[in-house]
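Using the sequences plus the hints, can you model the full thing?
So the sequence lines, in the order shown, correspond to chains A and B. Counted the way our numbering counts, the first sequence spans residues 1 to 483. Counted the way our numbering counts, the second sequence spans residues 1 to 100.
Source of the hints: derived by calculation from the structure; they are not laboratory data. Any given hint might turn out to be false.
[Claimed, not checked] What follows is a set of in silico ranges between Cβ atoms, one per label pair, in the way DEER data are often shown:
| id | chain 1 | residue 1 | chain 2 | residue 2 | range |
| --- | --- | --- | --- | --- | --- |
| 1 | B | Q39 | A | L147 | 34 to 42 angstroms |
| 2 | A | A449 | B | D85 | 48 to 56 angstroms |
| 3 | A | T333 | B | T20 | 35 to 43 angstroms |
| 4 | A | G276 | B | D68 | 54 to 62 angstroms |
Even glycine gets a Cβ: it sits at the ideal position worked out from N, Cα and C.
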Amino acid sequence: MELTDLTVDAIRAGLVAREFSAEELVRATLERIDREDKSIRAYLTLSPERALAKALEIDRRVAAREELPPLAGVPAAVKDVLSTQGLRTTCASRILEHYIPPYDATTVERLEAAGASILGKTNCDEFAMGSSTENSGFFPTHNPRDLSRVPGGSSGGSAAAVASSLAAVALGSDTGGSIRQPASLTGVVGVMGTYGRVSRDGLVAFASSLDHVGPFGRTVVDVARVLGVIAGRDPLDWTSADVPVPDYLAELDQDVRGLKVGVPDEYFAGLSAEIGDNIQKGLDLFARLGLKIERIRMPHTEYAIACYYIICTAEASSNLARYDGVRYGFRETGAEELREMYRKTRDHGFGAEVKRRIMLGTYVLSSGYYEAYYRKAQNVRTLIARDLLEAFDEVDVIVTPTSPIPAFKLGERMDDPLQMYLADIYTVTASLAGVPGISVPCGLTRCPARLPVGMQIIAKHFDEARLLRVAHAFEKAGGFEIS
Amino acid sequence: MPLTEKDVRYVAALAHLELTEDEVRQFLPQLDAVLDHMQKLNQLDTSQVEPMAQVITPGAGAPPARLDQPRKTFSQEEALSNAPDTGAGCFRVPRVIERE
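Written out as structure tokens, the structure reads:
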């Protein structure tokens with residue numbers, strides 16, 4: 001095993017035993033990026049000096065036999081929608097190509113305070129709008145499992161970096177599935193906590209009532225460690241919850257026998273056998289572990305995509321009004337008047353998908369359509385959230401596929417936005433309700449051959465401990481390698 | 001009622017986007033297909049349902065408003081550091097009053 005393949009626990013043990021230094025680990029990871037990222041293209045910007053400075057600090061603490069922080073020496077990647085002080089933050093958009101934030105996102109600050117070395121900023125769909133990372137304003141990222149395929153999105157760069165050991169862990173953002181879906185398509189673990197569990201301060205806003213920050217890792221233990229570091233109240237984000245953060249690691253190994261797993265009928269109707277067979281084997285494994293499998297109903301599932309895309313585009317059209325070429329970012333030159341400058345800047349600065357979503361959001365909020373679309377979607381959001389909360393009266397967790405399809409070929413789905421949106425069907429419900437979800441690997445497809453399948457586990461608000469415990473039990477029992 | 005090119009141009013103007021002819025032609029059927037799918041929500045009677053504007057989680061107390069105290073913020077230099085054009089400590093923009 002290469003140094004760069006180590007988990008967070010193994011890194012810690014290796015540092016303490018002086019088998020390697022944090023500096024050696026960061027240098028090895030940077031060398032691997034130099035070798036392999038030419039074909040994967042997970043990173044948009046590298047920050048080797050920043051990563052090495054943190055590693056040297058950790059090595060000094062090791063030498064002084066100090067207590068090490070929870071992520072000491074861990075090489076980490078950060079999605080380029082999270083602000084990093086002095087380090088270019090583009091949101092994969094031409095409009096922010098040269099933007100240098102004057103402050104760190106709270107999650108970035110907490111990651112570094114916990115001892116992690118930030119190697120760089122990862123590619124994504126522009127402003128996190130997409131499910132394939134092909135909407136990046138710079139270049140697409142390739143799936144490390146098959147370079148002709150997408151890594152999913154929008155946090156495709158973070159997922160690909162972790163899947164190919166170009167980082168041990170990574171931060172992503174999830175608005176309608178943007179952590180869970182790429183985790184599924186690249187065969188890693190990705191978690192979205194409860195809305196408000198993790199601060200959004202410094203996350204460039206896409207849809208504020210749906211945006212989350214969360215971790216990627218290669219094991220459940222690794223994401224549990226990172227979530228424990230970044231979670232918790234932040235005075236800089238009014239929507240961050242004032243709810244104590246439990247010790248996720250302490251609860252990981254507790255018994256799961258007798259827990260009830262809900263399986264929504266609606267999520268399996270029309271699902272391809274390729275994905276469905278793997279999820280069924282996963283459920284069989286849960287049954288062997290002593291969990292009780294129960295069929296449940298989520299009757300409003302078929303309305304989730306329409307509801308989600310009305311709300312997220314409405315919020316996006318408002319949030320992205322700030323890109324006007326005045327205070328930061330790109331400005332198109334040659335305009336003689338202010339509003340002409342706005343229009344030209346926004347037309348040249350934004351890519352096609354961002355424009356489509358701004359147009360959709362503007363339309364659903366415009367006079368004469370507000371009640372029929374936006375208000376209606378808010379009402380339906382109540383019904384969708386109620387489906388989930390009522391299900392949790394009966395069961396402890398809900399298990400679904402993460403994505404109805406495995407990683408698809410680059411370019412294959414770019415011309416049909418609606419088809420791309422419809423593939424978010426399994427992830428948007430948890431986003432709308434604000435409950436936590438995790439995607440864990442659940443075996444490989446047979447045809448097309450050997451592409452990762454992801455299983456999503458959803459839990460109640462602030463029940464991340466149980467979510468992680470169930471996911472860890474699955475991992476320990478060999479669920480990731482089901483075939 | 002299907003979306004028209006005129007609708008697309010009207011919405012683009014509201015959003016301060018200057019779309020090219022090609023973009024208008026490309027977006028029209030795409031936006032129309034998505035809006036058509038969104039109409040699906042009208043199948044549901046929501047007259048007795050409260051709207052959900054924000055995730056309100058059971059068990060999470062209302063976050064306290066922060067105290068109204070001065071605190072350190074960006075210097076003028078930092079605030080202007082990413083601006084495309086500045087002058088006299090301000091953001092400089094093209095002419096604001098438009099000609100007819």
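Hints and how they fare:
At roughly 40 angstroms, the beta-carbon separation of Q39(B) and L147(A) lies within the given 34 to 42 angstroms, and the hint holds. For the pair A449(A) and D85(B), the beta carbons lie near 54 angstroms from each other, so the given range of 48 to 56 angstroms is met. Taking the beta carbon of each, T333(A) and T20(B) are about 18 angstroms apart, not inside 35 to 43 angstroms as hinted. Look at G276(A) against D68(B): about 55 angstroms separates their beta carbons, and that is inside 54 to 62 angstroms.
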